[in-house]
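> Single-letter residue listing:
4 protein chains.
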Amino acid sequence: MKYSFRNDYGEIGNPEIIKILLESAYEQTPGYGLDPYTKALEIKFRELTKEDLNLYLVSAGTQTNMILIDKALENYEAVIAVDTGHVNVHETGAIEGSGHKILITPGIDGKLTPEGVLKILEEHVDFHMVIPKLVYISNSTELGTVYRLEEIQALYRLCQEKGLYFYIDGARLASALASSVANYTLADIAKYSDAFYFGGTKNGILYGEALLIKNKQLKENFHYHLKNKGGMLAKSYVVAKMFLRLLEDDLYLKHARHANYCAEQLIKGLDLLAVPHLPPNHTNQIFLTLSNETIARLSEDYKFDIWSPGKKESMIRLVTSWATDIKMCEEFILDLKKILNK
Amino acid sequence: MKYSFRNDYGEIGNPEIIKILLESAYEQTPGYGLDPYTKALEIKFRELTKEDLNLYLVSAGTQTNMILIDKALENYEAVIAVDTGHVNVHETGAIEGSGHKILITPGIDGKLTPEGVLKILEEHVDFHMVIPKLVYISNSTELGTVYRLEEIQALYRLCQEKGLYFYIDGARLASALASSVANYTLADIAKYSDAFYFGGTKNGILYGEALLIKNKQLKENFHYHLKNKGGMLAKSYVVAKMFLRLLEDDLYLKHARHANYCAEQLIKGLDLLAVPHLPPNHTNQIFLTLSNETIARLSEDYKFDIWSPGKKESMIRLVTSWATDIKMCEEFILDLKKILNK
Amino acid sequence: MKYSFRNDYGEIGNPEIIKILLESAYEQTPGYGLDPYTKALEIKFRELTKEDLNLYLVSAGTQTNMILIDKALENYEAVIAVDTGHVNVHETGAIEGSGHKILITPGIDGKLTPEGVLKILEEHVDFHMVIPKLVYISNSTELGTVYRLEEIQALYRLCQEKGLYFYIDGARLASALASSVANYTLADIAKYSDAFYFGGTKNGILYGEALLIKNKQLKENFHYHLKNKGGMLAKSYVVAKMFLRLLEDDLYLKHARHANYCAEQLIKGLDLLAVPHLPPNHTNQIFLTLSNETIARLSEDYKFDIWSPGKKESMIRLVTSWATDIKMCEEFILDLKKILNK
Amino acid sequence: MKYSFRNDYGEIGNPEIIKILLESAYEQTPGYGLDPYTKALEIKFRELTKEDLNLYLVSAGTQTNMILIDKALENYEAVIAVDTGHVNVHETGAIEGSGHKILITPGIDGKLTPEGVLKILEEHVDFHMVIPKLVYISNSTELGTVYRLEEIQALYRLCQEKGLYFYIDGARLASALASSVANYTLADIAKYSDAFYFGGTKNGILYGEALLIKNKQLKENFHYHLKNKGGMLAKSYVVAKMFLRLLEDDLYLKHARHANYCAEQLIKGLDLLAVPHLPPNHTNQIFLTLSNETIARLSEDYKFDIWSPGKKESMIRLVTSWATDIKMCEEFILDLKKILNK
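In order, the protein sequence lines correspond to chains A, B, C and D. Residue numbers for the first sequence follow my numbering, so the first one is 1 and each next one is one higher. Residue numbers for the second sequence follow my numbering, so the first one is 1 and each next one is one higher. Residue numbers for the third sequence follow my numbering, so the first one is 1 and each next one is one higher. Residue numbers for the fourth sequence follow my numbering, so the first one is 1 and each next one is one higher.
Hint data in this document are derived by calculation from the structure and do not stem from the laboratory. Misleading hints may appear alongside valid ones.
Identical copies look the same in the list; a pair holds intra-copy or inter-copy alike.
Below, a list of computed lysine to aspartate or glutamate pairs in the EDC-like style, where the Cα atoms sit at most 20 Å apart [to be verified]:
hint, residue 1, residue 2
1, K337, E300
2, K191, E150
3, K39, D109
4, K219, E27
5, K312, E122
6, K338, E16
7, K39, E330
8, K303, E161
9, K119, E313
10, K311, E11
11, K337, D83
12, K337, E115
13, K254, D325
14, K342, D250
15, K254, E11
16, K162, E142
17, K303, E51
18, K342, E51
19, K133, E220
20, K119, D83
21, K44, D271
22, K342, E23
23, K342, D249
24, K303, D126
25, K337, E264
26, K39, E248
27, K312, E123
28, K312, E42
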């Protein structure tokens, strides 16, 4: 086995970040988020965004989505999401498991549209149906695409107008912000949402997601809610220290730019080999279609997920990360070229 | 401020353990518990206990209790626990929040008795009441006490006889195993329970709890359940690596013995000063009673929790850890002596 | 078998009420509570109480408690109730099953006291514990006792002051209102609570409970909540028609007075026979203690529940109803006298 | 207003049935389903079906679906249903509210196909996704269509083969059984399902649904589950008495045949007037499309639901019932003819 392109949480973490933990291994700090590092991180996020955000550090993405959504919704209220949305497909029913229906609508390149939201609102008219109450998007999306500022604004405005919460799943938010498509910054994400999370697990730290809540109603008693749902971390300060480093010198963007750059090089190679892939590719996920025979031979040297299996050919997913070795991207293309006899 | 005796999760982690992460920072590993380290840890636990245990790595203790109990019980089934039990008092309703009643009974020194269990079983007779179905204990307990082997065996046998699950919350299991009271090993814990968790957060790693399930019914589809409840960690392998080190050379026992030893020294000092404290103290938690004035003066230099506030005097809790500086224990006693004018 | 004193829901219903249904069997009426009868009943309750009550008709008592409490509370919020409370003991974990912890305190004669509530409030101090948020009482209580106006007022005022909801389970509210102890009317129940239910099942209708909500926050989207929890009745109008009759000419009080009167006659007889029973008895439930032998002989002719079984003697419960035959009460006493050889 | 074709739960109930309640108004009967009538009804259903069915009487349809499905599924398991299914659209999220995702697939005339089920099974491959575990159909369907025996058998066999539960929502089961399409009896419904419910509310009784469970795993502790979910009725015997009458002399089929016959007459009239309606129509629901102007004029005299509103024309639903006056069907057609100037 030469290399894995399976995901962006396959390497432990940036040594620079781990060193910080090592250097303060014996430092004494209060637990459960009441420590100075969690506080400093909250202040840092507030400074970066100029918004009155509350910060909660959580261990995993599905957990973050589940806990935020469960805070926002009564059981008779529902999420609106695209059919390919992570909450709908890849969370083993965690949202429904905590009591909330997800109403789905087709997306465009994995992105939700105001039209899609409006259609659902129009269909839900009386108390025999749920009340759509929270709009969920992920940015970058499950298909590796990135929202434009105007798309985010349009969704947020619609939510404001209709009394809906707007929540952004940012498992790969850095990857979106670092893409060439993103005509906005972290501050805009905060400005045009009620809550979002800034993913750490896929951005080079050991673990942890930073949930940031702007909407006052969602903030109320959130520490109680977090503990009740099993999401509170005794050593919140460990996660805070890692995030503080990510935000310093825009390390999170450097991580994401590297991942995106590696993906770009892979795509250039694929294009030269005329291998079809899902457009548009602006982040660190590439969905390409190869014959099953080619995939079998590639699998001898590389790890990746088979996204959509077919009888003759299948779609596979390549993911690059903050840690990806650019040389291995080149080698992958060379090896693929050999297999394809091109 | 000189020193904190507030808890055993106040220091980041043993540098030896952090170094292991640092050294393998770029290593590529599969996610979601399907990696060789999580597998190796499971094998290690099976070797240590000679039991067919399944391992699941989770980020926090309340979460672990909540997820295991929710797997074990239908909503019409209930937990039996002592009134001081962590699940009853200090989990912000997480067990009830996931649908399960806790039936409480007074303990002896924080420990559950077979008589207490039997009384509850006798009271629950028809379908207007819940069915008691899982017995919960923590070892060491919330009061720092430790079960004897014969006590654990008696509870387990009763559970076997009555068709109940027996689950041990081991947030401080190492501390129990390292105590002078424990006439048993990890293997006995596995032998005389259906499931238990081995706490890492309070034993010197960055975060993480190792949930170990022996009972076949509880194992079924547990990965699905874990993901559904938000407990699955993408980088399970990071936790696994840390636990592997804890189990090597009995490092977990060394950590716990150190904490227990520090507590012992504190108690010796308290006894010399004739300061009353809850007997029996065999682990790393000490509950002592001081005048509120003394507490106020101690608070200038030391951090600790006020466990049970009173008008004139209060009970405070001192906790030692794997990282506690034994010199600070001595200094604490000297300072207390000065305050007490003894 | 001569007669059953087992409960007050053992007879189908007052023929006068059933006749109303018979006479309008083919009448066409809208469903799901949007009908003129449900509306008229709501108006009737508003007139009787001079309070802006919303009415929801539900099929059963446990369901009513569960649905109201689930509307009022987040999962990190808890109910306060006496240990003998129906929600705590006799609902098979329905409240916890929908996510809410019940904090219990001893009552006096089955009645909750402000002191009991205050003690619980004082114990719950941080986000590791639930937030007590709703005070639950039943009136008449599980022990057949009745609150005085000043007791209800004191609890309501405390709730108002502390930001708690005050909810009255009125499965046997008519029985309380009809008792000699009750120095208040239905209007006071509405005035000094956030919500209550007026039980029909135990007051001579075929089925149905009238949930009445005064607090605005609890009213919000309640129809959605009711449907989501499975509590909405297609033929709400059937229940409404029966309740309209109950409220006409104070039929509900006549029903309850009859039941209470029958109980009073039984108690007079028991007192003459010097049979010990729980004081004070003002409603339609009597808890008396007899030797197991006497109970066995009584059981040949009468049905009743054994409330608290003992080795030599046990406590049994006699319940009278709107339909109880007063002659059978006399006969019961005569038969008991014979058995006791008095 | 002349007449309502809005639904089949708009009339109180068959006087013959109400009379039975009237005649036994004072009869004393045990509560909570432990009475001889509930038992007799269970025996009657077992005789009719030759299957070992357990019977539970519940007050409403959404509640019945919610409680059965919640018994069958863990939170990581899901329902498969057609997109138009009642559980998916018209239960205000009750299924998700109790923790279970619904996976939807397009139906043919509102009916689920084995191909639809298989496609969902193939898509759900690992622990990041739910496990499809229960197949839900309603018969007759939301569109008034009826399954053929061979369709039901095919679905049941597929479920047996794949380890899924097969559950039939029979809110309008009588209407299906009475239709010309149904080449089967109640016995076949029991034979080819794990559980089903036989609707009473829409078949001429005051309220109540009969849930019948054949699968042993679903039966386990069901009384506890029913009470925990708020579904247990104190006066189960009232519902049992009404159902016993429905089953006597095939009264349920007479009721349903009458409703279906009335619908047939309406359809004949519509066909003569060339009014388009959804084919095929074999039960008591008719979905027809008219201009909004025509609908407005019809609404002056008749009540019905607007099923799918459009800008110029809309689809309305006419429902007939056990109580429908056949003359009013004729009059409706005559009035429509006048409006249409035909």
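> Each of the hints needs a verdict: does it hold here or not?
For each hint, the structure was consulted:
For a Cα distance limit of 20 Å, the shortest separation of K337 from E300 inside one copy, 15 Å, qualifies, whereas the shortest one across copies, 70 Å, does not. Taking the closest pair of Cα atoms, K191 and E150 come within 20 Å of each other only inside a single copy of the chain (13 Å); across copies the shortest separation is 52 Å, beyond that limit. For a Cα distance limit of 20 Å, the shortest separation of K39 from D109 qualifies neither inside one copy, at 38 Å, nor across copies, at 38 Å. When the C-alpha separation of K219 and E27 is checked against a cutoff of 20 Å, the pair qualifies neither within a copy, at 30 Å, nor between copies, at 38 Å.
For a Cα distance limit of 20 Å, the shortest separation of K312 from E122 across copies, 17 Å, qualifies, whereas the shortest one inside one copy, 42 Å, does not. Taking identical chains as interchangeable, the C-alpha atoms of K338 and E16 are never at most 20 Å apart, the minima being 37 Å within one chain and 45 Å between chains. Taking the closest pair of Cα atoms, K39 and E330 never come within 20 Å of each other, the shortest separation being 43 Å inside a single copy and 32 Å across copies. For the identical chains of this complex, K303 and E161 are neighbours neither inside a copy (46 Å) nor across copies (34 Å), given an alpha-carbon limit of 20 Å.
Proximity of K119 to E313 under the C-alpha cut-off of 20 Å is restricted to the inter-copy arrangement: shortest distance 19 Å between copies versus 35 Å within a copy. For a Cα distance limit of 20 Å, the shortest separation of K311 from E11 qualifies neither inside one copy, at 32 Å, nor across copies, at 54 Å. Proximity of K337 to D83 under the C-alpha cut-off of 20 Å is found in neither arrangement, the shortest distances being 35 Å within a copy and 45 Å between copies. With identical chains, the CA atoms of K337 and E115 are never at most 20 Å apart, being 42 Å at best within one copy and 39 Å at best between copies.
Proximity of K254 and D325 under a CA criterion of 20 Å is satisfied intra-copy only: 14 Å inside one chain copy versus 39 Å between copies. In this assembly of identical chains, K342 and D250 lie within 20 Å of each other by CA distance neither inside one copy nor across copies; the values are 40 Å within and 56 Å between. Taking the shortest alpha-carbon separations for K254 and E11, only the intra-copy value of 16 Å comes in at or below 20 Å, while the best inter-copy value is 30 Å. Taking the shortest alpha-carbon separations for K162 and E142, neither the intra-copy value of 26 Å nor the inter-copy value of 30 Å comes in at or below 20 Å.
When the C-alpha separation of K303 and E51 is checked against a cutoff of 20 Å, the pair qualifies neither within a copy, at 41 Å, nor between copies, at 33 Å. With identical chains, the CA atoms of K342 and E51 are never at most 20 Å apart, being 53 Å at best within one copy and 55 Å at best between copies. Taking the shortest alpha-carbon separations for K133 and E220, both the intra-copy value of 18 Å and the inter-copy value of 14 Å come in at or below 20 Å. For the identical chains of this complex, K119 and D83 are neighbours both inside a copy (14 Å) and across copies (16 Å), given an alpha-carbon limit of 20 Å.
Neither within a single protomer nor between protomers do K44 and D271 lie at most 20 Å apart by alpha-carbon distance, with minima of 41 Å and 47 Å respectively. Taking the closest pair of Cα atoms, K342 and E23 never come within 20 Å of each other, the shortest separation being 51 Å inside a single copy and 39 Å across copies. Proximity of K342 to D249 under the C-alpha cut-off of 20 Å is found in neither arrangement, the shortest distances being 43 Å within a copy and 54 Å between copies. Within a single copy, K303 and D126 get their C-alpha atoms only as close as 49 Å, which misses the 20 Å cut-off; across copies the closest is 18 Å, which meets it.
In this assembly of identical chains, the alpha carbons of K337 and E264 lie at most 20 Å apart only when taken from the same copy (17 Å versus 68 Å across copies). For the identical chains of this complex, K39 and E248 are intra-copy neighbours only, at 15 Å inside a copy versus 36 Å across copies, given an alpha-carbon limit of 20 Å. Proximity of K312 and E123 under a CA criterion of 20 Å is satisfied inter-copy only: 18 Å between copies versus 40 Å inside one chain copy. For the homomeric pair K312 and E42, neither the shortest alpha-carbon distance inside one copy (51 Å) nor that between copies (38 Å) is at most 20 Å.
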